[in-house]
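Enquirer: Could you put together the complete structure from these sequences and hints?
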Amino acid sequence: QASRLVELPYSSFDDDDDDDDTAKQDSGVWYPDPPKLSPFSRCVHYLAFLWNLLFLLLGLLILAVGVWGLLTKSSLPGGDRGVPLGSDPMLLFVLAGLVASAVSLAGCLGTLRASPCLLRFFLGALLVFGGLELLGGLLLLLLRRRLRDALRDLLLLCLLRYQEDPDLQFLVDEVQRSLQCCGLESYRDWESNLYFNCSSPGVQACGVPASCCRQPLQGGSVPNAQCGFGALALGPAAAAALLHTGGCGAAMAAGLRGQAGAIAAGAVTLLLLEAVGALMALRVLGDITAGRVWQ
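Using my numbering, you'd call the opening residue of the sequence shown number 1 and step up by one each time.
Possibly wrong hints are sitting among the right ones.
[Said to hold, decoys possible] Beta-carbon label-pair distances, calculated as ranges: (1) GLY202 x ARG145: 34 to 40 Å; (2) VAL67 x LEU109: 22 to 28 Å; (3) ARG257 x ASP167: 25 to 31 Å.
I should point out that these hints are in silico values taken from the structure, not numbers from a laboratory. Please read these numbers as outputs of a predicted model, since none were measured by experiment. The beta-carbon is built from N, C-alpha and C at its ideal position, and this holds for glycine as well.
Expert: Written as structure tokens, this is what we have:
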């Protein structure tokens, strides 16, 4: 029995496909698969994002505290008080919060959006911060005497402006209360204050702040804001029975010497955190660069 052959219709596309396949095989070009991130790299990406997110929230918190302080004292333009905005200590919180938030946001977006530009900005900012911290530490060691004199002048300025700025008043009261001291060298330093000077016509004349008193609470529960009134007119023995007569300059110096280890540990911890953030950003930037080179 004769077999029957079926002739299939001819198409030019078949030849084209065969030619393409043959060209691909003859060319010898190998198209590799895109590189995939290792589990370690993925973990570093997640940790870098969380690290920056944590510092972003911390920066926003510092910024909120600074803005709240400015609004509370009405130091912003249009406020009721006449405190200059440029000399307000709460402005430091605002600036620190803005810088920390901006740098951390760049790190977050750079990690999330795989942006080399943002990651390089983040690394540059960390490098600047680390350099400034190291420079500050060296200056603190080399210029200890000048810094001690500058701190003394700052404390004296706080005594003179005690009633003018609520932030300085709060700071001075906390220092005197926690260190159990009064004035810079002694409680007599409050005579340099315009309101506490004995020649002042006000009710605070010849007085000191209530934070100088040994027992500022009347009856153990109610603060007595007038416990230091007239203390400068008393003799040394009577004043010592009522006030902490020692100055805060020596007490602060002794406290800083005692906490030198804790301060150094805090500075080293901050540098290590910045170094960890920089290393994670470098790893993320390396992964992004490798992927773009492949493309």
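Enquirer: Now look at each hint and say whether the structure bears it out.
Expert: Comparing the hints with the structure gives:
Distance hint check: the CB atoms of GLY202 and ARG145 are about 38 Å apart, consistent with the given range 34 to 40 Å. In this structure the supplied range 22 to 28 Å holds for VAL67 paired with LEU109, their Cβ-Cβ distance being about 23 Å. Remark: the range hint 25 to 31 Å for ARG257 to ASP167 is upheld by a beta-carbon distance near 26 Å.
Consistency note: the structure conflicts with none of the earlier hints.
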